[in-house]
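**Q** Protein chains in written order, with the numbering used here: chain X, 1 to 487; chain W, 1 to 494.
Rather than coming from a laboratory, the hints here were simulated on the basis of the structure.
It should be emphasised that the depicted structure is a prediction, and the values quoted were computed from it without experimental measurement.
Virtual Cβ for every residue (Gly too), placed ideally from N, Cα, C.
Simulated restraints, written as ranges between beta carbons of each label pair:
#1 X/T343 <-> W/E326: 50 to 60 Å
#2 X/A230 <-> W/S49: 17 to 27 Å
#3 W/P328 <-> X/K94: 24 to 34 Å
#4 W/D319 <-> X/K430: 35 to 45 Å
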Amino acid sequence: MTILRDTEFLARVNTYFNHFCRAKAIEKMQEPHPFLPNLDEEIIERMLKQVGAESVSELFSDIPSEFALKRRLSVPLGAPEATVRREVAAKLAKNVTGPEALCFLGGGVAPHYIPAAVESIMSRQEFYTSYTPYQPEISQGMLQVLFEYQSLMCDLLGMEACNSSMYDWASSAAEAARLVARVRPGRHEFLVADTVGPQRLDVIRTYVEPMGLKLKPVAFDKKTGEVDTASLDANLGEKVAGMYFENPNFFGVIESAASELTDRVHRAGGLAVVGVDPMSLSVLGNPGSYGADVVVGDGQPLGIPMNFGGPHVGIFAVRDMSLARNMPGRLIGKTTSRDGSETAYCMVLQTREQHIRREAATSNICTNQALLALASTAYLALLGKNGFGKLGETILASSHYAAQMLSELDGAKAPLFEGAFFKEFVVGYKNAKAKDVYDGLARFGIMAGYPLTERFPGIGEAGGYCVTEVHSADDISRLADGLREVL
Amino acid sequence: MSVPRRFRQAQWDEPLLKDLTRKGRTGFVPPKDGKIVAWTTGKELIPASLRRKEELKLPEISELQVLRHFNRLSQMNFSVETGTYPLGSCTMKYNPKVSEYIASSPRMREAHPLQSEETLQGLMGIFYDLSQYLCEITGMKRFSLTPAAGAQGEFAGVLMVRKYLRETGHPEKDEILVPDSAHGTNPASAAMGGFMVVKVPSDARGLVSVEEVRKVVSERTACMMMTVPNTLGLFESDVAKVAEVVHRAGGLMYYDGANMNAMLGKARPGDMGFDIVHLNLHKTFATPHGGGGPGAGPVGVSEKLQDYLPVPVVTKVDDRYHFDHELPHTIGRLKGCYANSAILLRAYCYIRLLGSDGLDNVSSLSVLAANYLLSRLNPNAFPIIQGKGLRRKHEAVVSVKGTMSGGAMKIAKGLLDYGVHSPTVYFPLTVEEALMIEPTETETVEALDEYADLLNDLFAKLERGELEDEPKNTSVKRIDEVKASHPLSLKVKW
Numbered sequence: 001m002t003i004l005r006d007t008e009f010l011a012r013v014n015t016y017f018n019h020f021c022r023a024k025a026i027e028k029m030q031e032p033h034p035f036l037p038n039l040d041e042e043i044i045e046r047m048l049k050q051v052g053a054e055s056v057s058e059l060f061s062d063i064p065s066e067f068a069l070k071r072r073l074s075v076p077l078g079a080p081e082a083t084v085r086r087e088v089a090a091k092l093a094k095n096v097t098g099p100e101a102l103c104f105l106g107g108g109v110a111p112h113y114i115p116a117a118v119e120s121i122m123s124r125q126e127f128y129t130s131y132t133p134y135q136p137e138i139s140q141g142m143l144q145v146l147f148e149y150q151s152l153m154c155d156l157l158g159m160e161a162c163n164s165s166m167y168d169w170a171s172s173a174a175e176a177a178r179l180v181a182r183v184r185p186g187r188h189e190f191l192v193a194d195t196v197g198p199q200r201l202d203v204i205r206t207y208v209e210p211m212g213l214k215l216k217p218v219a220f221d222k223k224t225g226e227v228d229t230a231s232l233d234a235n236l237g238e239k240v241a242g243m244y245f246e247n248p249n250f251f252g253v254i255e256s257a258a259s260e261l262t263d264r265v266h267r268a269g270g271l272a273v274v275g276v277d278p279m280s281l282s283v284l285g286n287p288g289s290y291g292a293d294v295v296v297g298d299g300q301p302l303g304i305p306m307n308f309g310g311p312h313v314g315i316f317a318v319r320d321m322s323l324a325r326n327m328p329g330r331l332i333g334k335t336t337s338r339d340g341s342e343t344a345y346c347m348v349l350q351t352r353e354q355h356i357r358r359e360a361a362t363s364n365i366c367t368n369q370a371l372l373a374l375a376s377t378a379y380l381a382l383l384g385k386n387g388f389g390k391l392g393e394t395i396l397a398s399s400h401y402a403a404q405m406l407s408e409l410d411g412a413k414a415p416l417f418e419g420a421f422f423k424e425f426v427v428g429y430k431n432a433k434a435k436d437v438y439d440g441l442a443r444f445g446i447m448a449g450y451p452l453t454e455r456f457p458g459i460g461e462a463g464g465y466c467v468t469e470v471h472s473a474d475d476i477s478r479l480a481d482g483l484r485e486v487l
Numbered sequence: 001m002s003v004p005r006r007f008r009q010a011q012w013d014e015p016l017l018k019d020l021t022r023k024g025r026t027g028f029v030p031p032k033d034g035k036i037v038a039w040t041t042g043k044e045l046i047p048a049s050l051r052r053k054e055e056l057k058l059p060e061i062s063e064l065q066v067l068r069h070f071n072r073l074s075q076m077n078f079s080v081e082t083g084t085y086p087l088g089s090c091t092m093k094y095n096p097k098v099s100e101y102i103a104s105s106p107r108m109r110e111a112h113p114l115q116s117e118e119t120l121q122g123l124m125g126i127f128y129d130l131s132q133y134l135c136e137i138t139g140m141k142r143f144s145l146t147p148a149a150g151a152q153g154e155f156a157g158v159l160m161v162r163k164y165l166r167e168t169g170h171p172e173k174d175e176i177l178v179p180d181s182a183h184g185t186n187p188a189s190a191a192m193g194g195f196m197v198v199k200v201p202s203d204a205r206g207l208v209s210v211e212e213v214r215k216v217v218s219e220r221t222a223c224m225m226m227t228v229p230n231t232l233g234l235f236e237s238d239v240a241k242v243a244e245v246v247h248r249a250g251g252l253m254y255y256d257g258a259n260m261n262a263m264l265g266k267a268r269p270g271d272m273g274f275d276i277v278h279l280n281l282h283k284t285f286a287t288p289h290g291g292g293g294p295g296a297g298p299v300g301v302s303e304k305l306q307d308y309l310p311v312p313v314v315t316k317v318d319d320r321y322h323f324d325h326e327l328p329h330t331i332g333r334l335k336g337c338y339a340n341s342a343i344l345l346r347a348y349c350y351i352r353l354l355g356s357d358g359l360d361n362v363s364s365l366s367v368l369a370a371n372y373l374l375s376r377l378n379p380n381a382f383p384i385i386q387g388k389g390l391r392r393k394h395e396a397v398v399s400v401k402g403t404m405s406g407g408a409m410k411i412a413k414g415l416l417d418y419g420v421h422s423p424t425v426y427f428p429l430t431v432e433e434a435l436m437i438e439p440t441e442t443e444t445v446e447a448l449d450e451y452a453d454l455l456n457d458l459f460a461k462l463e464r465g466e467l468e469d470e471p472k473n474t475s476v477k478r479i480d481e482v483k484a485s486h487p488l489s490l491k492v493k494w
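Bound-form chain X, shown alone:
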């Protein structure tokens, strides 16, 4: 059942109205406003005189009266900054996060520590309040940042070209499927491993439906949690444009035969799209090393707050320049000033994009997530070779320590799968329902054990756990104690 229009909400709005006079804006002047410097009778009169209009409403006289709004909008009247701050803080106080809760949730977004210096860099308003660098001479700062982002990502992923950001991992994966279908015309099937994030699979389905691209699942080995190569072989064929799998996959399991998967896809004439948690590449071999043609992922672990799912940065990178010419999104390249004397950066290969190519563009994407690309660039610059490698070892150790602690509990199998893992793993429950465990832990202020049973009925009652550098041994003990209680 759905609520279409909330009568209570409107009643509240009306109450606001009864408390204030119904002065019409502009003609009846309001108080000065901090965002509206020309909201002043004298200024408005001067401007109207210059324009040659009697009133502001005259400027809207071309709106046919049949639908010109003749009443005030039914939203609350405005409030001063201090009031709004207090009011919204009170609303947010109903959320349970941060200090009062321990979060062991993952699935593509994970709690990681964000260095204070990243926050400092993000606060630079010259980046924050600029837009797409359409005038490159006055926007070199952001352009160089995005060029550095592309470079760092390419090196991390083992790819040749990376765009300057997509919306998120899921839309990157979906656009990758569309890219693969474009460069493999006549092939109308696309394989997706059953081990990918279910929400990402949903988004891929939404994006490819209009192309007539048929998605076919590839099963996983119930013992290891890895993609089942026999299932892959059974599905491959000349109709298959490519395949998408994640590594580590949604169960946290590392695909030990990743290069065999990409080999098989390539032998069948398809392209391999790999989704990664970029944090895992602090320890694991990169997708370029095992034959990926397109790599997608989410930059959130690299210095971006979880923010209930966004904004994050969608990673989109390709193996070579021929794929780059067909990829979605903005690309930054290196050039020089016209006289050749200065190095400079600007947007390149724009003839792929909607503002030039319109209906023949590779994608409709315009506004992207550039600011979050800045966060990940600053993060990787700070951690660098030393910090990033060490952080990976910390995460690897903490997640394995946690799995060991949980495996000692009665009624739990941790990890459920035999495959190697990096920061996430699945715990199977012998006697408890996954949903009850998740809810039960929440009552102890522990967010953990995202229930997997509904989307993965074949694995029984089980939940997902994610352990990172933010978790101490004590935190992990608290998790184990909580789980003992609810199992």
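Put chain W on the given structure of chain X with help from the hints.
**A** Here is chain W on its own, set in the frame of chain X:
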């Protein structure tokens, strides 16, 4: 005119990160827990075969040097908080600091997308109220807040058109009408959704006329996408008649809300006959543009399409908020997680700060600013090509007169030398040598005067042939765009 301000943008010759590297340095030390380290010692946690074989290609730089690097780069970037930025169609208005402060709360930043609804009631209440506000502002029945940007909102709209028409027995409807003045995202979204694009030429006024629509509408018409006011800044006065023609042919009407900054409290797309609306929250509702993004592009619909919206949508039952993932006809998911949630929170704050009267004032003053700036321009230098005699809404498009080609670009580059950003150039495509100027309501009249004076002065220079090598005062001189169109590399070589 008064003597223009002297401006020199910072110029640092800032090296790339890799060139700042010196072996052994770091900008951050990750935490580790002694107990866990002790437990791990001597264990091989994953097989060596899975570990990366090569060294990480990452920089090695100390913390202060990293900060200097980015601070210097920031000084070579122009922004709304640096100066006037009247980039047409982008609504580069002031983004309230208090919204940033509120969004920096750990209760926003540390909310995980997979945590339970029980733990998110505060945030979900804000999302719910925001969607109600947007319904009221646009006159639509229901909103989904999930699209990450305007273009994703458009894609959602096109997919709803597709699904609705198929489910109501009209798969033959495979054409979407798009005015020639539309943003490139419109035809691109239509094509992504599997439709053919039929271009509707603007008339001499620069408007979509109902006569032109009648010529191209047919039983194959699935939808008409319109931007109101359009990209010339003109109100589409035939819109109701166009809607009638399209509806009579069994098609749907799509409202591109990129220019909603002119319409708040003035007129609502729902009342004009539109079935689907997307809004660009980062434009109209003042969230930072972040050097290209993030944005948010919620999509709203009329009653008959309410169950087609992208999921999830927030609902309210007995004072509890829920995510509804199972609308009966939904087009499905567009984002892996709910939405660009922290952007939604900022937009909510903006609406609360301005309120009903304030939003109305926003549109009044943005329209006044655009008309004022236009009236201050030398009409012989910057003629209006389309829509002469019509009032502008939030933006104005002029042509740079008498220039063979490249005049608009020369003017744009000339502006940069005075510490202001240029208008959008060469768009819309229907106007030659176009300058598209959107000053927004947050620029002072003094700044508008200065900008107009600069433009008039620059035109005189252009005529004298003095605008050839601009800009000269920016971090780099005029960039070689031909070289840039054949890039050798899109990344640094180590």
